[in-house]
Structure formats: structure tokens, C-alpha cells
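**Q** Spelled out from the first residue to the last, the chains are:
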Amino acid sequence: MRSQPALLRRELWEHRSIYVTPAVVGLVMTLLILTGYIFASGYHSVVDIGILAGQNMLGDAERRAALTAFLVGNTVVFILASAVLTIFYCLDSMYAERKDKSILFWRSLPITDAETVISKLLTAVIVIPLVTFGVIVIAHLVNLALTSVFVSIQGGQAGLLVWKSAPLFDVWAAILIIMLALPVWFSPFIGWFLFVSAWTKRSPLLTAFLPLVLVPMLEYFIIRTHLIGTAIESRFSGIPIFSGIDPEVFFDEEAFASRADAVSLLGFIDIGKFLMSPAMWAGIVVCGLFATAAIYVRRYRDES
Amino acid sequence: MTSLVRASNVSKRFKDVRAVDDVSFEIDKGKIMGLIGPNGAGKTTLLKAVLGLTDCDGQLSVLGLDPFRQRKQLMQNICFIADVAVLPRWIKVTQLLDFMEATHPNFSRSHAEELLSRTKVRKEAKVRELSKGMVTQLHLSIITAIDARLLVLDEPTLGLDIIFRKEFYGNLLNDYFDGERTILITTHQVEEIENLLTDIMFINEGKILLHSSMEALPDTYVELTTSGENAERARRLGPVYERDVFGKKVMTFEGVDREHLESLGEAHTPSVADLFVAKVKGAAA
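Protein sequences appear in the order of chains Y and B.
Quick note on numbering: the numbering used here labels position 69 of the first sequence as 69, and the sequence is numbered without any gaps.
Quick note on numbering: the numbering used here labels position 175 of the second sequence as 175, and the sequence is numbered without any gaps.
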């Protein structure tokens with residue numbers, strides 16, 4: 001495992017999209033927000049900066065909620081982009097090296113196939129989320145800075161209205177947890193994509209997605225059951241990491257107003273529930289099986 | 001003398017084809033062994049087995065290790081260049097040096113940098129920006145900077161022009177080979193490496209046709225150029241192979257007294273290429 005840091009670094013060298021993709025998403029989003037503010041500034045008499053400038057009793061909690069929504073809205077696009085990035089990364093990770101024959105060079109070094117496959121798995125499950133998270137934090141800071149400029153121009157106190165009200169660490173902690181949990185939850189797919197990448201002779205994208213549709217259909221036609229289809233669907237029906245949300249809280253103005261801290265993204269996250277989820281652990285087992293198969297294929301198949 | 005590679009009854013089959021068919025041989029330390037055979041003879045399969053890239057039947061030990069099962073340990077002491085194209089095209093020269101330094105315990109970065117400074121390879125360049133010849137220079141520099149006991153070269157100069165090819169072998173001898181290290185090499189351009197080999201092995205259809213030191217070749221093999229009645233007499237001595245060159249008969253003999261042959265015409269030691277053709281065609285006849 002001594003080679004692991006070098007192997008992970010190599011993945012970043014080869015797949016520059018790991019940091020280019022979130023950087024581009026961040027840039028586009030910042031430009032959109034900037035455009036929005038410039039546009040809105042022209043109508044300053046019409047646009048009510050309302051919540052941000054609100055000085056009423058509810059102000060603190062509402063501002064906090066609004067800024068949380070702003071930051072989360074900023075984040076969703078990054079998470080979607082990193083999902084797409086992860087799929088393409090996995091499918092390419094052991095296919096490209098076979099296509100350009102550089103696999104012969106990599107295998108001429110004192111590194112086992114297991115170490116190599118593990119480095120690809122770690123990249124998909126940990127490196128991509130962490131890099132994306134880093135870019136999200138930068139994007140949040142930039143976008144809040146733009147917001148404070150906008151608020152100042154509108155005559156508001158940016159220090160109080162934006163920076164003091166934005167629950168940055170609460171939001172960041174929640175996002176980091178979710179971003180690390182998502183690949184674990186979807187790890188059966190990551191394992192499958194890595195296996196396809198190590199195994200397929202052509203068109204990894206098609207080879208990866210066709211069975212996801214065909215196998216459940218075949219299962220139904222042949223043995224009249226929906227087991228695989230249900231297993232795949234259930235992954236998308238929700239990740240067991242959110243605690244129940246009590247909508248009463250939002251309608252109880254008194255309670256809401258008295259505790260601005262009640263607005264907490266982190267408060268919705270239940271790590272224990274995630275760690276105790278049998279479905280999550282079952283997913284890790286499936287991922288492990290596919291990763292083992294990928295190691296086996298890389299090791300035993302003759303590439304000539 | 002210890003043998004670095006020891007193969008006994010090694011076979012490898014792909015479905016119906018026996019790519020390597022019950023092969024036994026040893027390669028001693030300090031040798032430069034040329035493995036010569038036509039396309040599809042099983043050379044590459046045999047090399048892959050030696051490198052632990054493919055499994056095989058029979059006993060094969062390289063540096064005392066089972067190459068397939070102990071590939072990681074083996075690769076600390078072996079290096080190979082399989083084809084000029086195998087360096088990843090996206091990597092930068094400096095990244096390659098960083099990676100080698102981090103993963104290979106026997107790699108000397110300063111040695112590699114010194115070797116590279118003699119070439120036109122820029123350290124900030126990516127492999128895809130380099131010419132084919134420069135990529136080979138880069139690869140050889142990296143390999144030479146590994147303190148490895150066995151170097152395996154599979155068609156290392158394929159697609160290179162004559163100047164790069166000459167330089168490649170020159171550097172190989174000057175920088176890499178020190179009498180302690182061992183080289184196993186395959187190539188189609190036999191004429192170019194003939195002079196640097198210490199041993200040769202011919203392989204065809206998965207079987208070894210000949211395994212000899214270069215020094216021993218003249219004692220065993222004689223090529224006779226003759227014509228007319230002498231040709232008839234020579235033919236009775238049982239040449240392995242016979243061909244026509246400018247109306248004369250050229251026959252290759254194995255284990256026939258050289259002085260006797262000299263009385264029948266012009267006798268000399270066959271080139272490796274001619275000997276190879278004689279052995280392959282002779283075996284087929």
C-alpha cells in the first residue's frame with residue numbers, strides 16, 4: 001500500500017476532468033449569479049431584497065434559511081456533475097489503458113493489480129467527492145462575496161446580513177457528509193462500472209448501462225420476478241441518511257423565531273441511520289465483489 | 001554461474017493452439033539472449049510468461065520467483081520494454097519520474113535525469129508531444145535507471161529509423177549492460193543485434209529449434225557455397241537446408257566437419273538470419 005499515494009496522484013494527472021469539471025461548474029454558476037445580480041441591480045426599486053434586508057423578528061431565522069437554500073442550490077449542480085464525472089471516470093479508468101496499451105507499462109512496475117484497482121475505487125469514492133467539495137467551498141465563498149457586494153450596493157449591511165447569517169460550517173459539514181455518503185450508497189454501481197471498464201472489449205458506456213435495463217427485463221420474462229429491478233430501483237428511491245423532517249417546525253412561528261439555530265442542514269442528517277442501514281452494507285459487499293472481479297480480469301486476461 | 005531464468009516443460013495453450021509447447025531452457029546471469037522466431041512463433045507468449053503477465057503450465061522460475069504469482073516482487077528486479085507505444089501518452093516526463101521514484105524501490109531519479117539530459121527530451125513535455133524515437137529514448141533512460149537484474153525487450157525498436165535503432169543498442173550496451181545484468185531480447189531485425197548477443201534461441205510453432213551460445217555456432221554450423229559435382233557430394237552429407245544464390249548452391253550443415261566442407265567449396269559461418277531460415281525451413285521439410 002506504500003504506492004497508494006502515488007497511484008492516486010496518477011489518477012489526478014490522467015483524469016484532469018476530476019478538477020476541471022467542478023471548476024467549470026463553479027465558474028458557470030458564479031457567472032450566472034453575477035449576471036442575475038447585475039440584472040437585478042437595474043431594478044433595485046422593484047426588487048425587494050426582502051429577506052436579506054429584513055429587520056423583523058423572524059429575520060435571523062429566515063435569513064439563515066434563505067442563505068442555506070442559496071448555498072444548497074449552489075451545491076446541487078456540483079453533486080449532479082460529480083455523479084456524471086464519476087460514471088465516466090470509472091468507465092474510462094481501466095479501458096483507456098488497455099486501448100492505448102499503456103497497461104503493459106503500468107504492469108511492468110512493482111505494483112499489484114489489486115493496488116491499482118483499489119486506487120481507482122478510492123478515486124471514485126473519496127478523491128472525486130473531496131475535490132468537488134473543495135471547489136464547492138470556494139464557489140460558496142465567491143458567490144457570497146458577490147452577494148455581499150450586491151447587498152452593499154442596495155444599501156444593506158453585508159457583514160451582518162450575509163456573513164454573520166450564513167451558516168457556513170453547518171452547511172459545509174452537511175454537504176461533506178452527504179458527498180461522502182452518496183458514493184458509498186451508490187457503490188454497487190461504481191463497482192460495476194469499474195468491472196466493465198476492466199472487462200469490456202468495446203463501448204464501456206453501452207456495456208455498462210444496457211444490462212441495467214436488460215437484466216431486470218430478462219429476469220421478469222424468465223422467472224417472473226423483479227428482484228434485480230427492485231434492487232436497482234431502491235437505490236434511487238432515497239439514501240437512508242436523512243432524519244425525518246417535522247413540518248410542524250416551519251409553521252410554529254414562535255419556536256422558529258426564538259431559535260435561529262433551528263435552521264440547520266446538519267440537523268437533518270442522521271449518520272447513525274446510514275451506518276446501521278443493511279442496504280448500505282449490502283451495497284458495499286456488491287461493490288467489493290465487482291472490484292474483486294475487476295482485479296481478477298486485469299490480472300488474468302491476456303491483453304494481446 | 002547461476003541461472004536467472006529456468007523453464008522446464010513450459011506450455012501455454014490458447015484453445016486449440018499451443019503457443020508455447022513443452023519448452024525447457026535456462027538463461028544464465030550476464031548473458032544477452034536473443035529470442036528469435038517468426039510471427040506467431042510463441043515469442044511474445046513466452047516473454048509474457050517470464051514477465052508474469054500470463055499464467056502457464058510447467059515449471060517456470062525467474063530470479064527464483066514464480067513470475068505469475070509473485071509478480072510484484074519480480075518487477076522490482078525486472079524491467080521490460082514491450083513496444084515503443086506503451087508509455088501512456090498523457091503523462092509528462094516529470095510526472096513519469098515522480099511516479100517511478102515513488103513506486104519503484106530500485107529506481108534512481110538522478111541517473112534517469114542524467115541519461116535524459118543527453119537527449120532532446122524536454123522534462124516538461126508530455127509523451128504525446130515526443131517523436132517515436134524520443135519516446136523510446138525516454139523509456140530506455142527510465143529502464144536503465146532501474147537497478148534491475150533482468151531486462152526484457154520485445155521488439156524494442158519497432159518503427160524506429162536506423163539512427164535511433166543504432167543509438168538504442170549503443171546506449172543499451174554502454175549504459176545498461178555491465179556483465180552483471182542480463183538481457184532477453186526479441187526482434188525481427190536480427191542483423192542489427194547479432195553482434196551484441198552472447199546467446200541465441202530460435203523458436204518456431206511454440207518449440208525451441210536451437211539454443212546455443214554465439215561462440216559455439218561456428219563449431220556446429222557451416223554454410224557452404226558450392227556448385228556442380230561438389231554440390232552433389234556435399235548434398236550427400238545431409239545439409240539441413242539448401243538454397244540457390246546466383247546459380248550457386250548454398251547449403252547449411254549442422255555438425256559436419258568444417259575442414260571436410262572446405263574441400264568442397266567456400267565454407268563460412270552462417271549469419272543468424274540465414275541460420276534461422278535454414279533451421280525453420282529445414283524443420284518444415
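Hints were generated in silico from the structure; no laboratory data involved.
Take these hints with a grain of salt, some might be off.
[Stated by the list, open to error] Straight line, CA to CA, 20 Å or less: simulated PhoX-like cross-link-like pairs of lysine-lysine:
hint, chain 1, residue 1, chain 2, residue 2
1, B, K126, Y, K101
2, Y, K101, B, K120
3, B, K29, B, K92
4, B, K166, B, K123
5, B, K207, Y, K101
6, B, K120, B, K132
7, B, K15, B, K207
8, B, K126, Y, K99
9, B, K166, B, K207
10, B, K166, Y, K99
11, B, K92, B, K72
12, Y, K201, B, K126
13, B, K248, B, K207
[Said to hold, decoys possible] Restraint-style ranges between C-beta atoms, simulated for each label pair:
hint, chain 1, residue 1, chain 2, residue 2, range
14, B, A125, Y, S203, 28 to 36 Å
15, B, K281, Y, K99, 37 to 45 Å
16, B, T119, Y, F242, 28 to 36 Å
17, Y, M276, B, E129, 48 to 56 Å
18, B, R89, Y, V76, 46 to 54 Å
19, B, R89, Y, Q157, 42 to 50 Å
Yeah, the Cβ is synthetic: ideal placement off N, Cα and C, and Gly gets one too.
**Q** Hint by hint, note whether the structure agrees.
**A** Now for the hints, and whether the structure bears them out:
no.	hint	result
1	K126/B x K101/Y	17 Å, holds
2	K101/Y x K120/B	25 Å, violated
3	K29/B x K92/B	34 Å, violated
4	K166/B x K123/B	24 Å, violated
5	K207/B x K101/Y	28 Å, violated
6	K120/B x K132/B	12 Å, holds
7	K15/B x K207/B	17 Å, holds
8	K126/B x K99/Y	18 Å, holds
9	K166/B x K207/B	30 Å, violated
10	K166/B x K99/Y	30 Å, violated
11	K92/B x K72/B	25 Å, violated
12	K201/Y x K126/B	27 Å, violated
13	K248/B x K207/B	32 Å, violated
14	A125/B x S203/Y: 28 to 36 Å	32 Å, holds
15	K281/B x K99/Y: 37 to 45 Å	38 Å, holds
16	T119/B x F242/Y: 28 to 36 Å	59 Å, violated
17	M276/Y x E129/B: 48 to 56 Å	53 Å, holds
18	R89/B x V76/Y: 46 to 54 Å	36 Å, violated
19	R89/B x Q157/Y: 42 to 50 Å	55 Å, violated
The structure is inconsistent with the numbered hints 2, 3, 4, 5, 9, 10, 11, 12, 13, 16, 18 and 19, although it conforms to all the rest.
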